[in-house]
Amino acid sequence: MGAVVRGMSDVSRHDGRVGKQACGRAIRPDTGRPRLSKRVFDHVVALLLLGLLVPVGAVLLVLNPFANAGPLIYRQDRIGYRCRRFAAYKFRTMRCATGAARGAFDALDADRITALGRVLRKSRLDELPQIINVLRGEMSLIGPRPDSYDHACVYLRDIAGYGARHNVRPGVSGLAQVELGYVDGIDGIRRKVALDLHYIAHASFRLDLWIAWRTIIVVLARKGA
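Under the working numbering, the first residue of the sequence shown is numbered 76, with each subsequent residue one higher.
Take the hints with a grain of salt, since some may be wrong.
[Said to hold, decoys possible] Beta-carbon label-pair distances, calculated as ranges:
(1) 118 to 291: 31 to 37 angstroms
(2) 266 to 136: 35 to 41 angstroms
(3) 132 to 233: 35 to 41 angstroms
(4) 133 to 266: 34 to 40 angstroms
(5) 263 to 291: 23 to 29 angstroms
[To be verified] Below, a list of computed lysine to any residue pairs in the SDA-like style, where the Cα atoms sit at most 20 angstroms apart:
(6) 165 to 190
(7) 165 to 188
(8) 165 to 111
(9) 197 to 169
(10) 165 to 269
(11) 197 to 293
(12) 165 to 122
(13) 165 to 120
(14) 165 to 112
(15) 165 to 199
(16) 165 to 232
(17) 165 to 136
(18) 197 to 136
(19) 197 to 138
(20) 197 to 282
(21) 197 to 135
(22) 165 to 152
(23) 165 to 131
(24) 165 to 287
(25) 165 to 189
(26) 197 to 152
(27) 165 to 148
(28) 165 to 294
(29) 165 to 258
(30) 197 to 139
(31) 165 to 118
(32) 197 to 122
(33) 197 to 296
(34) 165 to 291
What the hints contain is simulated information worked out from the structure, not anything from laboratory work. Each residue gets a CB set at the ideal place from its N, CA and C atoms; glycine is no exception.
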């Protein structure tokens with residue numbers, strides 16, 4: 076794959092992975108038995124969640140032509156473990172863009188979110204297809220949320236410590252999401268990164284369970300972004 080950001084050869088590599096210097100040094104090695112047990116847990120829970128993905132996808136397949144015309148699944152290149160590029164999947168919640176792409180520090184294009192999309196976002200059901208990414212080993216259930224590859228190349232340049240958050244697999248939910256929700260702007264991204272680095276430095280199965288519980292509360296309270 077070609078580099079996404081031109082003029083940033085020190086950041087983007089032609090193999091779809093950000094350079095090691097930009098990616099940063101590990102805060103805590105992601106190796107050994109804890110990583111293996113986390114992957115086993117991820118796969119078991121993701122397989123169980125497939126039972127939810129199929130019926131939700133079937134319902135949306137029927138509703139989508141009337142409430143959100145266009146593709147059911149939204150695919151976006153994101154930056155993942157060790158700064159590798161991967162394709163993340165979500166149920167599409169926004170009208171297809173017709174103008175220029177949103178900048179790395181711009182606010183969310185909230186006016187493009189459909190009525191059905193707002194329901195999916197509030198309930199976090201739009202994230203369900205990412206269990207496919209979990210099963211493929213590209214993501215974990217809990218970890219720093221992956222940013223779009225284009226935006227990540229900017230953050231690597233402008234946000235201190237951003238590269239180090241990619242020393243673990245990105246997550247479907249994470250500490251920053253349950254504590255901050257959706258953030259934008261450079262100050263919001265910095266707060267998110269600070270929580271991501273805190274998560275990596277204190278990673279444990281107990282912390283993952285706490286984040287999973289907080290995620291369930293967010294879903295039930297319909298407080299998703």
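When the hints from earlier in the document are held up against this structure, which numbers fail?
Hints 1, 8, 10, 14, 16, 20, 26 and 32 contradicted; others consistent.
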